[in-house]
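There are 2 protein chains.
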Amino acid sequence: MEEEQKVKLLGAWFSPFVYRVRLALALKGIQYEYIEQDLTNKSSLLLHSNPIHKRVPVLIHGGKPIPESLIIIDYLDSIWKDNPILPEDPYQRAMAHSWAKFIEEKFTEVIRRALMLEGEQQEKEVLQAKDALEILEGELKGKKFFGGDTMGFLDIVMSWITFWLGVIEEVAGFQVFDPIEYPRLKKWKDSFLELPLIKGSFPPRDSLLPYFSKIRRCGLASAAKK
Amino acid sequence: MEEEQKVKLLGAWFSPFVYRVRLALALKGIQYEYIEQDLTNKSSLLLHSNPIHKRVPVLIHGGKPIPESLIIIDYLDSIWKDNPILPEDPYQRAMAHSWAKFIEEKFTEVIRRALMLEGEQQEKEVLQAKDALEILEGELKGKKFFGGDTMGFLDIVMSWITFWLGVIEEVAGFQVFDPIEYPRLKKWKDSFLELPLIKGSFPPRDSLLPYFSKIRRCGLASAAKK
Chain A
1 MEEEQKVKLL GAWFSPFVYR VRLALALKGI QYEYIEQDLT NKSSLLLHSN
51 PIHKRVPVLI HGGKPIPESL IIIDYLDSIW KDNPILPEDP YQRAMAHSWA
101 KFIEEKFTEV IRRALMLEGE QQEKEVLQAK DALEILEGEL KGKKFFGGDT
151 MGFLDIVMSW ITFWLGVIEE VAGFQVFDPI EYPRLKKWKD SFLELPLIKG
201 SFPPRDSLLP YFSKIRRCGL ASAAKK
Chain B
1 MEEEQKVKLL GAWFSPFVYR VRLALALKGI QYEYIEQDLT NKSSLLLHSN
51 PIHKRVPVLI HGGKPIPESL IIIDYLDSIW KDNPILPEDP YQRAMAHSWA
101 KFIEEKFTEV IRRALMLEGE QQEKEVLQAK DALEILEGEL KGKKFFGGDT
151 MGFLDIVMSW ITFWLGVIEE VAGFQVFDPI EYPRLKKWKD SFLELPLIKG
201 SFPPRDSLLP YFSKIRRCGL ASAAKK
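Protein chains in written order, with full-length UniProt numbering: chain A, 1 to 226; chain B, 1 to 226.
One chain only, chain A, in its complex shape (with noise of 0.2 Å):
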């Protein structure tokens, strides 16, 4: 591959947003350098290639750095057209983007903030979380995947929830993802994880478990502080 094509993924190996990523070069088919952050020690390539956020993931294309795993996404499907992730269709386009915007705002974050509390405070986001999982419920009416009948973009959006969430439930006791309540999510997850492409993606539950207590026992300290 030419020196100015080269594409390098700077992740981190417990990071669902980075796993988004991964997932969607996969699918297209990809050749890339894969590149491990220490977050605790940051590089100077990741501070060079995201100085504003300072996060993974970051894909550099060609030299040039993109942060944010959905705008990298995006850029992927316009750049490399086989495997299409997103729709064709611009209305189509638009209703993925509003339901990721929806996803990432009604669900991602309320369960980001519900591992770093506890009491009355989780059991509050935990509410709205669960608010959120029963309209993506029904917008799974009729569907095998969020696109259709082929995981897209949605399903790439959702793919943390069939297994990251899991974990962060164990660790903050709590639990949003009954499959009884939301028996087409429960169909959805079964479908995404049959998937030749998903099988033995997953970073080591055993680890993941000791790094995500982590995480919770540093929010609650800081918040206690404050």
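Hints are computed from structural coordinates only; laboratory data are not their basis. A virtual CB, placed ideally from N, CA and C, is assigned to each residue, including glycine. Keep in mind that a hint or two might mislead.
Stretch by stretch, here's where chain B covers chain A in the computed footprint (C-beta under 8 Å, at least three residues) [unchecked claim]: (1) 57-69; (2) 75-82; (3) 94-104.
Computed cross-link-like contacts, SDA-like style, restricted to lysine to any residue with a CA-CA straight-line distance of at most 25 Å [said to hold, decoys possible]: (4) Lys54/A x Lys42/B; (5) Lys141/A x Ser207/A; (6) Lys54/A x Gln128/B; (7) Lys130/B x Lys141/B; (8) Lys42/B x Val7/A; (9) Lys106/B x Ser43/A.
Only some residues are given here: those of chain B computed to face chain A with a beta carbon under 7 Å [said to hold, decoys possible]: (10) Lys64; (11) Ile66; (12) Ile79; (13) Asn83; (14) Tyr91; (15) Ser98.
Assemble chain B onto chain A, guided by the hints.
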């Protein structure tokens, strides 16, 4: 115009998010029907068009509703190719989306919170907003508008800062945008306000002031109850 291609916009006169869409429509020269919504008594058209968020703006094109100001602008730009708003180059496009996300999360949302707070809590948000302005000031180096020589996507995202921010500052009793501290942003604001498209396009300040005062009072009262 054929019925199925008609463009309608559900809006509210005071909303800076609706303003963004009106600006994009004006820039494109798109004819549309504007339908003012009473958000204290939501119409069935709004509830049907945006069942999840139940808020404005909603664009309806050929009967199909699209929510969220920035998603609407992306959509308009992909359907009406004249007077492009986003850069055509995929990398520049990704970076525009990344900056928009930065502005929304690190400035727009922060000011929204500051409007509803007072004392130390407000001061914390104000400092965070100033950090974001400092970064945006750097991004304007050598440029008239965020996109370069002409108004584009990020200028529309930032448009509320040229008018609504002053109203919010007055109502909530803080100042984040000191023109001496941010000379490039000051110059950008002046250039923006001089555009023929912008002149006379804002809602009356005398009506916005009591409106945002009321929002602040409600926000403070609801925080006090918690």
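Cβ contact check, 8 Å cutoff: the region 57-69 of chain A against chain B, three residues minimum: holds (count 5)
Counting residues of the region 75-82 of chain A with a beta carbon closer than 8 Å to any beta carbon of chain B, are there 3 or more? holds (count 3)
Hint check, Ile79/B versus chain A [nearest Cβ-Cβ separation less than 7 Å]: Given a least distance of 6 Å, the restraint on Ile79/B holds.
Per-residue hint verdict: Lys64/B, partner chain A, C-beta under 7 Å: holds, 6 Å
May I ask you to test the interface hint for Ile66/B with respect to chain A, counting a Cβ-Cβ separation under 7 Å as satisfied? holds, 5 Å
What's the verdict on Lys54/A and Gln128/B, does the C-alpha distance respect the 25 Å limit or exceed it? Between Lys54/A and Gln128/B the Cα gap is close to 16 Å, so the pair holds against 25 Å.
Proposed proximity, Lys42/B with Lys54/A (alpha carbon, max 25 Å): violated, 42 Å
Given hint Val7/A paired with Lys42/B - CA-CA distance at most 25 Å: Violated. Lys42/B to Val7/A sits at ~48 Å, over the 25 Å cutoff.
Straight-line Cα separation of Lys106/B and Ser43/A no greater than 25 Å? Answer holds: Lys106/B to Ser43/A is near 24 Å, not above 25 Å.
Confirm or reject the coverage of the region 94-104 of chain A by chain B under the rule of 3 or more residues with a beta carbon closer than 8 Å to the chain's beta carbons. holds (count 6)
For the hint on Ser98/B, just tell me whether its beta-carbon gets within less than 7 Å of chain A. Holds, about 5 Å.
Taken at face value, is the distance from the CA of Lys141/B to the CA of Lys130/B at most 25 Å? Holds: Lys130/B and Lys141/B sit about 17 Å apart, inside 25 Å.
The structure fails hints 4, 5, 8, 13 (numbered hints given earlier, in ascending order).
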